[in-house]
Every structure is written in C-alpha cells, then in structure tokens.
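K.L.:
Letter by letter, the chains look like this.
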Amino acid sequence: MDFSFTEEQSMLRDTVASYLADNYDFDKRRAALAKAPNWRPDVWKAFAEELGILGAPFSEELGGLGGGPIENMVVMEELGKALVVEPYLPTVVIGGGFLKHSGYAGAADLIGGIIGGQNIFAFAYAEPQGRYNLADLTTTAKKDGAGYVLNGHKAVVIGAPYATHFIVTARTAGGQRDAQGVSVFLVERGAAGVSTRDYPTVDGFLASEVYFENVSLGADALIGPADNGLPLVEKVVDEAIAATCAEACGVLRRLQEGTVEYTKQRKQFGVPISSFQVLQHRMVDMFINLEQSISMTYMATIKLSDDAERSKAASAAKVQIGKACKFVGEQAIQLHGGMGMTDEMAIGHYFKRATMIASAFGSVDHHLSRYEFLSLGQAA
Amino acid sequence: MNLDFTPEENAFREEVRAFIRDNYPAELRKAQDEGRQLTKEEYLLWHKVLAKKGWVAPGWPKELGGTGWTPTQKYIWSEETAKADCLPILPFGMSMLAPVIYTFGTDEQKKKFLPDIYNGDIWWCQGYSEPGAGSDLASLKTKAERITADDGKEYYIVNGQKTWTTLGQYADWGFFLVRTDPDAKPQSGISFLLIDMKTPGIEVRRITTLEGGHEVNDVFLDNVKVPVENRIFHENQGWTCAKALLAHERTGIAGVARSKRNLEKLRKIASTERSDAGGSLIGDAFFRRKVAELEIDLTALEFTELRTLAGESSGKGPGPESSILKIKGTEIQQRLQELALEAVGHYGAPFLRDLRGSNLGVGPEYADGLAGEYFNGRKTSIYGGSNEIQRNIIAKMVLGL
Ligand SMILES: Cc1cc2nc3c(=O)[nH]c(=O)nc-3n(C[C@H](O)[C@H](O)[C@H](O)COP(=O)(O)OP(=O)(O)OC[C@H]3O[C@@H](n4cnc5c(N)ncnc54)[C@H](O)[C@@H]3O)c2cc1C
Ligand SMILES: Cc1cc2nc3c(=O)[nH]c(=O)nc-3n(C[C@H](O)[C@H](O)[C@H](O)COP(=O)(O)OP(=O)(O)OC[C@H]3O[C@@H](n4cnc5c(N)ncnc54)[C@H](O)[C@@H]3O)c2cc1C
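Residue numbers (our numbering), protein chains in the order written: chain A, 1 to 380; chain B, 1 to 401.
Note that these hints are calculated values from the structure, not bench results.
This structure is a prediction, so every number in the text was calculated from the model and none was measured.
One or more of the hints may lead you astray.
Stated by the list, open to error - Below, simulated DSS-like cross-link-like pairs (lysine-lysine); rule was C-alpha separation at most 27 Å, straight line: (1) A/K267 - B/K141; (2) B/K225 - A/K267; (3) B/K141 - B/K225; (4) A/K326 - B/K265; (5) B/K141 - A/K264.
Work the whole structure out from these sequences, hints included.
P.N.:
Here you go:
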C-alpha cells in the first residue's frame, strides 16, 4: 500500500503549479476571460511547448511522458486550483482516452497533434433531451456506402468554440435509449454541415450548441466498434469523472483554505470571526469534506484500470465530490459574508466552478442510482 | 382553531385577483418575463398603481394610509400578489423607513416624508453596513459632527463609507446610521439621519455581484452637510430606531407566498424535463422525494408564520421567534433555487445574459438565468442579520442561553 507520488509525478505537479502561479493568477484570468477570444491560446501553447504536460498520460513512443491516470490527476488538481479553463480535460483526457483505448488507426498522428498543442478536442455527447444518460441519443449516423451521414444536435459542448476536432456519440442502430447501437465518431471542425452556436458558461468556460446537418463521414471517422461503442464511451467518461474529481479537489482546497484565511483576519464584535465556535465547526466540516473527496479521487483514479470496479468507483467518487462541492462552496460564501457575494473576490468564482462540477457528467442523484445498480442490483 | 376563510374573506380574495388582473402594468409584466434588470421607472410602476388604489401600505396604521386589513386579509394579499408574480414593493421606504418615521419622527418629518414614500415619488436606500461593521453593526464608524454654519443653522458634517447599499444607484434619499458620540458605548453614540443623495460629497460606486448583476453599491461620504432637522429621534439614540427597523425587516422575510409560487414553477419545470430513464423528471423517485420534502418544509413554515400572525393580531408583537421565519424562509428559498438549477441539467451552464437577442434558443427558456438566481440567492442567508446571527438571537433571547 503506497499513496506517495513518484519523483516524476511530484515534479510534474511543481512544474504546473509554478507556471500557473506566475501566469494564471486570478486577475490575469479575469482579464483574459473578459475579452476575445475569451480563453488563452498562449497558455495552451505553453502547456505544449514549455511544460510538455499535454503528453502527460501518453506513452513515450507516442511522444508523451509515459504516464497515465495518476498524471492526469496531478495535472487536473493543479488546474482546479487556478480555475484554468483551457481544454486539458476534453483534449488530453477525453480525446486522448478515446484514441488510446479504441485502437484507432490514426491515433498516433492525432495524439502527436494533441501533445504538440495543435489538436484540440471537444466531446459532443450530451443532448437536450438526454440528461445524463450516455445512451439517450437522437443524433444519428446512417450508413452511406463505406461511410456515414451524421445528423443531430449536441448540447452545451464545453470548449467547442475553439476545438479542431469533435468526438461525437451517435446512434447507428436501435432505439433512442438502447445500450446497443451506439457508435463514436471523429468529426473535424471544418467538415461541411457542422455549425455551432457559441456562448460563455456561468463559470467562465466557452461552450456551444453543436449542429450536424448531413455531415458526410468516411469509414475512418468511426472510433471503436460500430454499434457497440457504449462500453468505450463509459470507460472514457469514467476517466473524465476521475479527472474532474481531481480538478474539484483543487477547487475545494482553495475554497476551504481561503475561508480559513479570511475568517482569521475578518474581525467583528472585536474578535476574529474564526473564534466563533459555530464557524469553527463549519470549517472543520468543510475540511472533512475536502479530505474525503481527496480519498475518493485517489480511489477512483487507482481503480480506473480495474474494469470490474471502475464504474462503481467513479460513481462513488462523483457522489462524494458532488456533495462536497455544494457544501464547501455554499459555506465558503456564507462565511465570507457580503464579500463572498462579490465578483471581485476569487472565492465566488471557485464557488461557481464547484457548482458546475457538481453536475458535470452526472449529478449526485445520477451517480447514486448508477452506484446502487452496480452495487446492489436492480431495485425491486 | 380553524383554517376556514369566511365568505367575506373569499370575496376579498376575488376582489384582489380581479384588481391584479385588470391593473397590473403590461410593460412591467413584459420586462419581468424578459428577466432583464428593471429601470428605475419600471420598479415603481406597480407601486404607483397601488398607491392610487390605496393598497400600497397594508402595514401602516390606517390613519396614515394603511389599509386596515386583518392579518388574514394581509395573508390573502401576499398570497395573491405572489401567485400573480407581482413585483414586490421595494421595502426600503415603505416597510423599513416609514415605521421608524411614524414611530419616532416629529409631525413635521411625518408630513415631509411619508406622502412621498406612499406615492413612490422618492427612492430610499439603507445605509447601515460598513466595511468594518456587518454583523457587528453597532461598531459603525461613519462619523457626524455637529456644526453651526455661516447661515446660522445647525448641520451634521458626515464622513465615512457605507457598503452593500442595495439599489443605491437609483436612490434619491438614504437613511443612515452615523456615529455622533465617539466616546459613548457603541450602541449609545449612534444617530439616525436622512440624507439627500444629491448632496455634494456623496459618491455611489457599483459593486458587481458574483452572478454579474448590479444590485449593491459602496457609498462614500466626504464632508456631506446634513441639516440637523433630518435626524430622526434624539441624538445618540439612533440604535433604538435601528432595532425597531430590524424587527420590521424580519416580518415578511419568510417569503412563504413567493416560495409557494416558485415551487409551482419548479414542479412545472420538472414535469417538462426528462429523467435519465426518459420519463418526466417529476416522476423520478429521487427528484420527486426532494420536491415533496421541500413542500412539507414549506407547509411547516407557512403554519409557523400563521401562528406568528395570529399572535400579532392578538396584540403580541413579533418576538425573537420570528428569527425562525428568517432562517427557514431563506433556507427554503435557496433550496428552491438549487433544485430548479438541478432540474435543467446541462442547460444550467450557459451564461446568456449578455447575449440576449442574439443567441436565444439555447436550451429551454425557463433554464435561462437559473444558475444566476442560485448564485445570487446565497445573499439571503447573509443579509438582514445573517442566519448565524439569527440563531444567536434565538439562543440568547428565546432559549436564554
Ligand atoms: C446582496 C446584499 C444586499 C445588502 N443590502 C444592504 C443594504 O441595503 N443596506 C445595508 O446597510 N446593508 C446591506 N447588506 C449588508 C448585510 O446586512 C451584511 O452583509 C450582513 O450584515 C453581514 O455582514 P458582513 O457582510 O460584514 O459579514 P460578517 O459580519 O463579516 O460575517 C461573516 C460571517 O461570519 C458570521 N458571523 C459574524 N458574527 C458572528 C457571530 N457572532 N456568531 C457566529 N457567526 C458570526 C456571519 O454569519 C457570516 O457567516 C447587504 C448584503 C448583501 C450581501
Ligand atoms: C442591514 C442589516 C440588517 C440586519 N437585520 C437584522 C434583523 O433583521 N434582525 C436582527 O436581529 N439583526 C439584524 N442585523 C444584525 C444586527 O445589527 C445585530 O447584529 C443583532 O441584532 C444583534 O443585536 P442585539 O440587540 O442582540 O445585541 P446588541 O445589544 O445590539 O449587541 C450586539 C453585540 O454586541 C455586543 N455588545 C453589547 N453591548 C456591548 C458593549 N457595550 N460593548 C461591546 N459589545 C457589546 C453583544 O454581546 C452583541 O454580541 C442586521 C444587520 C445589518 C447590517
């Protein structure tokens, strides 16, 4: 049993942390998000060229650092601490995950482009009617000669406005919510018939509604098996959940530490408000939530390679993280009083991100249900 | 004990309904539906309609323009206006300041200020909190020194900073707590001043709240000259006025009628939204249980409020127990906002406020702005005496701890 990090992993963490400390403080972030292009291509370039972190979970023969899920976890936690909006999750974790696990023929080239910073992925999976059900798909890919024709509408695709490639889930057979008949496609941004409606999100990211209208895809657009793509989707989404949990740990840590710091220096009734026992206990509960979240993130990350336990572990972690994001986020604002309500202070921005993470890839209810099913079987 | 309405009360309900239906300003309805920030004029449209009808100040004594309604009629009124989604009457003049003026003011002050409050001709803001004085309001530092000016009249010269001043950007006048005796005990050296916001030396600066709105402000006062006759009650006894005002701030804070209305909205959203299994979300076992629990909580609050109202009509003022209404009322409001956001799933994320008109059609219309409401709603457990302070009050005043 060993929960320590290797020297390489610790170095990776330090590299990311010190770069972000120098280049991604709260004021710089805010200024950049407020003006076009509303994200920071320069930071992405630095991730690729200066830090080399876009290769963290890829093998050395593909040009990566030879890491895996733990490396993703280390990077994501640091990105969470700085509220980074650049697309490590959709590109490296999700795009990279699909390419690695599918045995896709063009994977090596595409991963090279990810590591180099040229290829940016967005994951177009959710649909307006589908809630968190990955199989609930009205987007269709109809066989057309050797290839397919894609039609549909994907909802709130994070990072889509500047993505070069979309990973799209679509129905190639079966009924709207059937587990069978799901396939995964790679669609280039410039393909004829792809359009987006772009907007910011409440936590400072960019996203789009993505529309596919009779988009012609070659046979080589298919990632993974035809009609039986759902297990691949679930595997990659479980990896994305673990990575999102790691991001949440960074966010939660900032919320918890920031609140302790603030209450120590804020005085009312002639004393620091941190001296009120009711606030002390609240902060202790915030701290317990953080620690439990870290534990569950480690657990889920380690179990990503265990196909029998993976999904249960990811859902369990997401339940813990979802609850912690709500409790810690809300209490951080409450304990800051009026100051917590201002746009000027970072704490509110961490709260907003925590709120969005709570429902990312499924709410607490969704993952409780999934956990119940995997652990206890079908309800009577 | 009974819960029935009399035939007269039912007739009153019909009258209120009809009046709202026939007189609620259409342009205000439209602005509310669009969900945008209202203009100063729009805020006051409904107020003016009610002032003309004589229904704008149900809480005031009858001889000053109050309606003379029974507690049950007031309850029906708040229920019907909430059901019809009428804009609440701004509380600053109507329900915070006016009771202080008619309880502590001189006849001249009553004559000068109450009619404008009644008619909605003057917009008031509340200048209590300071950067260093929030929960510990009595530690406020804004200072007022009394001088005799060249014109032979007496003035206060006010210096300091107020903060979190709600809608101060629109205010014509403000009521302020200022320190007139720096040597007395904190509570004993405070005076209650009415200040014309156009007086030289006042600067109002925007504070942007976390969801992006402009609702609160900093107010800087630099050698602001205030005539002594604008002081309410005795010098150094402003805390007495302030405490009376805080009690009025608490009544109605439960927001039961409005929460009922928002619960209806939540039920509608959850009937339209789909669950993971494809049925309606309101049919989802987890979600429906949360809605049911919230309904039960709201029912408990409603009956606690009714008991408080009944106590008031039998002559007992709102006691410190009314802190229960503040705590539970705000917790329920926040829970409603949280569940509405949860109900819309992915479509809680888009931030469309700045794109209105150019980027409509992203997700269902009812989802737009729900995240902002949830974020903004965190204020309710902070202001009006934070929920921690309310618990302190119950512990101290009710439980004797
Ligand atoms: C949106 C908004 C609108 C407002 N509008 C107005 C307005 O129009 N006019 C006006 O004058 N003010 C207004 N306020 C100010 C409001 O009343 C104060 O924010 C409130 O009194 C809390 O003070 P504070 O923000 O300084 O927080 P603090 O007093 O610093 O409190 C910080 C935290 O410490 C806790 N705390 C403090 N003391 C204790 C204690 N003794 N025991 C346990 N916990 C404690 C609080 O509950 C809170 O969680 C507004 C505030 C907001 C957020
Ligand atoms: C805009 C705004 C709205 C608010 N709304 C409400 C509200 O609706 N309801 C509400 O109850 N509160 C409200 N508050 C909080 C309110 O200001 C007081 O904090 C609260 O009412 C406590 O008052 P009290 O009479 O119990 O204590 P007070 O006797 O006023 O004393 C306040 C605190 O100071 C201490 N204290 C008393 N005497 C002294 C002394 N001589 N020296 C040092 N410390 C002393 C007390 O122990 C107590 O902790 C609001 C605050 C603001 C800024």
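K.L.:
Evaluate each hint against the coordinates.
P.N.:
Here is what the structure says about each hint:
1. A/K267 - B/K141: The hint holds at about 14 Å.
2. B/K225 - A/K267: 31 Å, violated
3. B/K141 - B/K225: At roughly 17 Å apart (the allowed maximum being 27 Å), B/K225 and B/K141 satisfy the hint.
4. A/K326 - B/K265: 23 Å, holds
5. B/K141 - A/K264: Between B/K141 and A/K264 the Cα gap is close to 22 Å, so the pair holds against 27 Å.
Hint compliance for this structure: hint 2 is the single one not met.
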